[in-house]
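Colleague: Listed below, chain by chain, are the residues.
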Amino acid sequence: MSYITGVGLTAYGRHEGSSTLDLMSEAAGMAIADAGLKRAEIDGILCGYSTVSPHIMLATVFAEHFGIRPSYAHAVQVGGATGLAMTMLAHQLVEAGIVRHVLVVSGENRLTGQSRDASILALAQVGHPDYEVPLGPTIPAYYGLVASRYMHEYGVTQEDLAEFAVLMRANACTHPGAQFRDAITVADVMASKPVAMPLKLLDCCPVSDGGVAFIVSREPTGETGVRVKGCAQAHTHQHVTAMPALNKLGAEIAIAKAKAAAGVAISDVRYAAVYDSFTITLAMLLEDLGLAGRGEAAARVRAGHFGRDGAMPLNTHGGLLSYGHCGVGGAMAHLVETQLQMTARAEKRQVRDASLALLHGDGGVLSSHVSMFLERVR
Amino acid sequence: MSGSRSGDWTAGQETIVYQSCAACGSVQYFHRRFCSTCGAPDPAEQRASGEGTVYATSLVCRAATPETRAHVPYNIVLVDAAEGFRMMAHGDNDLAIGDRVTVRFAPFAGRLVPHFAKAKS
Chain S
1 MSYITGVGLT AYGRHEGSST LDLMSEAAGM AIADAGLKRA EIDGILCGYS
51 TVSPHIMLAT VFAEHFGIRP SYAHAVQVGG ATGLAMTMLA HQLVEAGIVR
101 HVLVVSGENR LTGQSRDASI LALAQVGHPD YEVPLGPTIP AYYGLVASRY
151 MHEYGVTQED LAEFAVLMRA NACTHPGAQF RDAITVADVM ASKPVAMPLK
201 LLDCCPVSDG GVAFIVSREP TGETGVRVKG CAQAHTHQHV TAMPALNKLG
251 AEIAIAKAKA AAGVAISDVR YAAVYDSFTI TLAMLLEDLG LAGRGEAAAR
301 VRAGHFGRDG AMPLNTHGGL LSYGHCGVGG AMAHLVETQL QMTARAEKRQ
351 VRDASLALLH GDGGVLSSHV SMFLERVR
Chain Y
1001 MSGSRSGDWT AGQETIVYQS CAACGSVQYF HRRFCSTCGA PDPAEQRASG
1051 EGTVYATSLV CRAATPETRA HVPYNIVLVD AAEGFRMMAH GDNDLAIGDR
1101 VTVRFAPFAG RLVPHFAKAK S
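Chains S and Y are the protein sequences, given in the same order. The first sequence runs 1 to 378 under this note's numbering. The second sequence runs 1001 to 1121 under this note's numbering.
Hints are computed from structural coordinates only; laboratory data are not their basis. Don't take each hint at face value.
Going by beta-carbon spacing under 7 Å, a handful of chain Y positions derived as facing chain S [said to hold, decoys possible]:
no.: 1; residue: T1010
no.: 2; residue: R1062
no.: 3; residue: L1112
Derived SDA-like pairs (lysine to any residue); straight-line CA-CA distance at most 25 Å [as the list claims (entries may be wrong)]:
no.: 4; chain 1: S; residue 1: K193; chain 2: Y; residue 2: D1094
no.: 5; chain 1: Y; residue 1: K1118; chain 2: Y; residue 2: E1014
no.: 6; chain 1: S; residue 1: K38; chain 2: S; residue 2: S25
no.: 7; chain 1: S; residue 1: K248; chain 2: Y; residue 2: V1027
no.: 8; chain 1: S; residue 1: K193; chain 2: Y; residue 2: R1069
All C-beta atoms in this analysis are idealised placements derived from N, C-alpha and C, irrespective of residue type, glycine included.
Throw the hints in and build the complete structure from the sequences for me.
Modeller: Shown next as structure tokens:
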């Protein structure tokens, strides 16, 4: 058994003058305090990477900086799936009895620490160095390709995709830490600048500064336990050129294995936290995970299904699209929000019932997937 | 990451090269010293016809470097080649999914890249 015993999340957006280590430290301190632990009780550290401050040993750089000497520490790199991959590993380390309290931490000054062009260029390198990168693609273009095909096969429109941006923004409007808190409409999304068609500016997540951390422990440290009930991964390819057919993507494989591991069905899920780097990412993953029928996710958004008061509240903090995306930390904010919902601490964003949550992360171009179920226990 | 190989567009030549495996019959576009399907060594290099069908498109309107920005907007396409492999390339801005296309080679950011246009039927 393992439990998410504490969480820490900074505001996302501009943190002028804060380094990667500053943002990691701030979030780590918050998470340890939230778990009611002392620094010295942390015996494991998992961290992601920083494109602004690359280092081959970020976990020990951080541990030294933060002032702890863990018995287990290293970095993990699976792109946008890193946060949940670290959580899965922390869960397994705790279950195996190797460590008692793992600090999972990430932070990056991706917005103010480098130019937006530098960010876009760094991320585009997930493409094939010989066969893709020389063609000048960007991350939005990789997802734009996928979007064009998905829209073609399932009759999804640009207006459908826009619904997800509007929903994430509406959610972000209720969170003081979100990077973007001005309500938008489908018309705003449609009129936003073209980036990599069919994706426009408001279909894309922003670049942010931010820090986020949580503690994975062997036992609960508070009254309400949030337990990792089951998780699984799937990795089908790296490059979009080598991506399998749309009905054979990793999300479907990962969720099937996670459901089996957790012994739950999608109909048991009460809260969803799903990776949303672009509107197409969210639309596809919701349908791959079985949270909507093929081509039907947008209709469910319009019907209020994924709203805070709907049957399946989704990314109530605003997701990557509007809370913000600071690299590895981006999707870790989804887990923080889920833990707050499950422990009834989400303030005015609180949903009625978050007793069982489904989280899903995606790295690369739908390349790496992690599905995870969290369960509230007393 | 790639082994030695004869020239194709990635090396400045006006050709598209792929590999086919004598052991299992699989074809692959990214060059390797082995077949990624069955692991057999030394798949044979083949010259592609340059014919194919558009699988996906994305018109890039926001580029990240001065060299690529000079070409905006440019259409990134995935093409299913007649020989059975998929590749990324450039294409005319009006290409649609399902279009049958033929390749030429065009300058882009200081090199030659494959550029597809509708096939003349």
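Colleague: Run the structure past the numbered hints and jot down the numbers of the failing ones, going up.
Modeller: Of the numbered hints given earlier, the structure breaks just one, which is hint 3.
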